[in-house]
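Chains as they are written, first to last, in this note's numbering: chain A, 1 to 472; chain B, 1 to 215.
Worth flagging that the hints you see were computed from the coordinates, not collected in a lab. As the structure is a prediction and not an experimental result, all values here were calculated from the model. Check before you lean on any hint, since a few could be wrong.
What the hints assert, rightly or not - Ranges of calculated distance between the beta carbons of each label pair, as one might list FRET restraints:
#: 1; chain 1: B; residue 1: A37; chain 2: A; residue 2: A14; range: 44 to 50 Å
#: 2; chain 1: A; residue 1: D176; chain 2: B; residue 2: P30; range: 37 to 43 Å
#: 3; chain 1: A; residue 1: E120; chain 2: B; residue 2: R55; range: 27 to 33 Å
#: 4; chain 1: B; residue 1: D34; chain 2: A; residue 2: A14; range: 45 to 51 Å
#: 5; chain 1: A; residue 1: A12; chain 2: B; residue 2: R61; range: 57 to 63 Å
From the three backbone atoms N, C-alpha and C, an ideal C-beta is built for every residue, glycine too.
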Amino acid sequence: MGHVSRARAFVADAERTGWHDQALWFVRAKRDAAADLVPDWEALRSEAAAIKREALERLPELWIEFEAQARRAGAVVHWARDAEEHNTIVAGLLRERGITRVVKSKSMLTEECGLNPHLERQGIEVVDTDLGERIVQLRHEPPSHIVMPAIHLRRGEVGETFTRTMGAPPGLDDPDALTALARSDLRARFLAAQAGITGVNFAVAETGSLVVVSNEGNVDLGTALPRLHIACVGLEKIVPAQRDLPVFLRLLARSATGQAISAYTSHFRGAMPERELHVVIVDNGRSRLLAEPEFREALACIRCGACLNTCPVYRRSGGHSYGTVIPGPIGSVLEPARDLVAHAELPHACTLCGSCAEVCPVRIPLPQQLLAWRGVLAARGIHPRRRRIALRLAAEILARPIGLRLFGGLGRALVRALPAAFVDRLARPWTRQRALPPIPASSFRTLWKRRQSAARASAGARDAGDAGMEGG
Amino acid sequence: MSSARDAILARLAATRPAFGRERRGLQSPPMPADAEAVLRARIEAAGGTLQVVPRANWTERVAWPGAVSPDVPRSGGGPPHGAAIYSAIPELPSGSAGNQAGGTPEDAPLDLAILRGEFAVVENGAVWQVPRSAHERRAALLAEHLVLVIEGDALVASLHQAYERIDLATLAFGWFLCGPSKTADIEQALVLGAHGPRSLSVVWLRDPAATNAIA
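Okay, chain A solo, but in the shape it has when bound:
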């Protein structure tokens, strides 16, 4: 099943699709309003883009520096080549300490590694504590957005989930009341937790610090209460120095939700008294992506989600239609690098409108990358048979002026001769929700020739100025 068929399931509910589209566009509008309040916004984006690329050029040195600094401050640093090593390290840390109750705050990396099912198989309870992530966890669904994990759900569905799992009164759908219920349920779990697992927004090489942001405060409750904090960090999250942090923190929340800054921006360095901090540095395909010149700039991503919110395809097809951990434009660049055949439809789930590149805070050339993936797919012949035949035919016709002229004339004649209903069916799926435009009687070439000869005929009667304008 590919993107198109999964999207079909989402758009079957027209009311939901419309709401989803508008809700995300509203977030995009808030992002614009927040960016407009920052006079040096474009310079800020360029600086962030430069710093991230500098970091990607210096990854080995920066991580060695980070490791030394973090160790000096009492953290234990682990390295994981892939998801399996990552999961084994985390499970080992918990098992050594006899830990069975863990709270986790949002981390796309642990989602990517499949950490939750791995720990659950070993009898360890993992509670996702971000409200949106908790909702989808209770529904046994993956997140549909990297910042707003439950954006695909309506309040009634959240109410039903809470009725089933938390004893909410049937029919309860007030966001305040539902949040209050989740708050008291999760507060008890925070207090009972023996370890907190978090992702990382920025790792600072110079000081060995980790920066993690949240709005709900779940990152902090999950690390302030239990004795053990495990921070899982992808190789791309490093920045060289403390002075680089303001550049990213001024961009991140504004790009993500239109907030000037998140409610909580926490800086951890080493282990606090009577506490343990373990940092797991994860590769899992990142070094492989770094070797791909056309796609490696995607490693600059700071996971703000702005490209999802602005994408006309994402907004109308929903995050689950991508069938990936990270959906939307950035997911459609990253995920084919993991498995091109499985995600062959994703580079085509894009209109090349360019909106994602306009909002990306670190200037990742997403449209160019999506186009490049299409080139790779074509070169390797990874296309559905129908598209392959259609493209080959189009290539033959479009490469020859005579072919285009003949085929155009034939097409216009056929469309006029055949019944409209039949033509509509031929043009499916394009005509599923719209009519074909009226087919012009003559080609552009004919119209142009007619115009040129009319212009020549009246040229003698014209002023020189007019002719000059036309010539320009």
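With chain A held as given, fit chain B onto it using these hints.
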């Protein structure tokens, strides 16, 4: 796992890219002329409040959040009578207001945490705070209401200037706090008090004479 470390570092060294994109450097934004108004707008946009009061008898002047119940009468100035308080401010002791007994945040529900902040960031309304103890950090999260007290020359224009005043190399933990804990995960409806405090009030102690220092 040193084999994983060496393998990863070797791979990274072997695939080193060269993007050729130079840093240009940024001009730190200047302090706006109406700094207090901008700060207030940013804090309120984040769901918090800003109170600017003179230092003398400030605890009597502040509008305290955290009424235990609307029926409990306010005891004149100061926090509501009977509120369970964690305070890092000498002027107000921890314990139950009007009945001072110590306690840790986990022991009992906490109505109010009062902590000292280092400075506020005008551009985004955040306050930089460094907890003096593990208790202090937990209180900031477990209390129903949070009050952050900043003093004197306590504003910086933007995060750039903020990080010039911070030294992460010597800091096990520090955080920017901006407005109360919040979520919009159910249909994008904003709810304050997702996990942590339901309100955050920034109290800026500023004597009239200090006004000149800001401009």
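A quick look at each hint next to the structure:
A beta carbon spacing of about 45 Å between B:A37 and A:A14 agrees with the range 44 to 50 Å that was offered as a hint. The supplied range of 37 to 43 Å is met by A:D176 and B:P30, whose beta-carbon atoms lie about 40 Å from each other. Judged by the Cβ atoms, the range 27 to 33 Å given for A:E120 and B:R55 is violated: they are separated by roughly 54 Å. Our hint of 45 to 51 Å for B:D34 and A:A14 holds, since their Cβ atoms are close to 47 Å apart.
The given range of 57 to 63 Å is respected by A:A12 and B:R61, whose C-beta atoms sit roughly 59 Å from each other.
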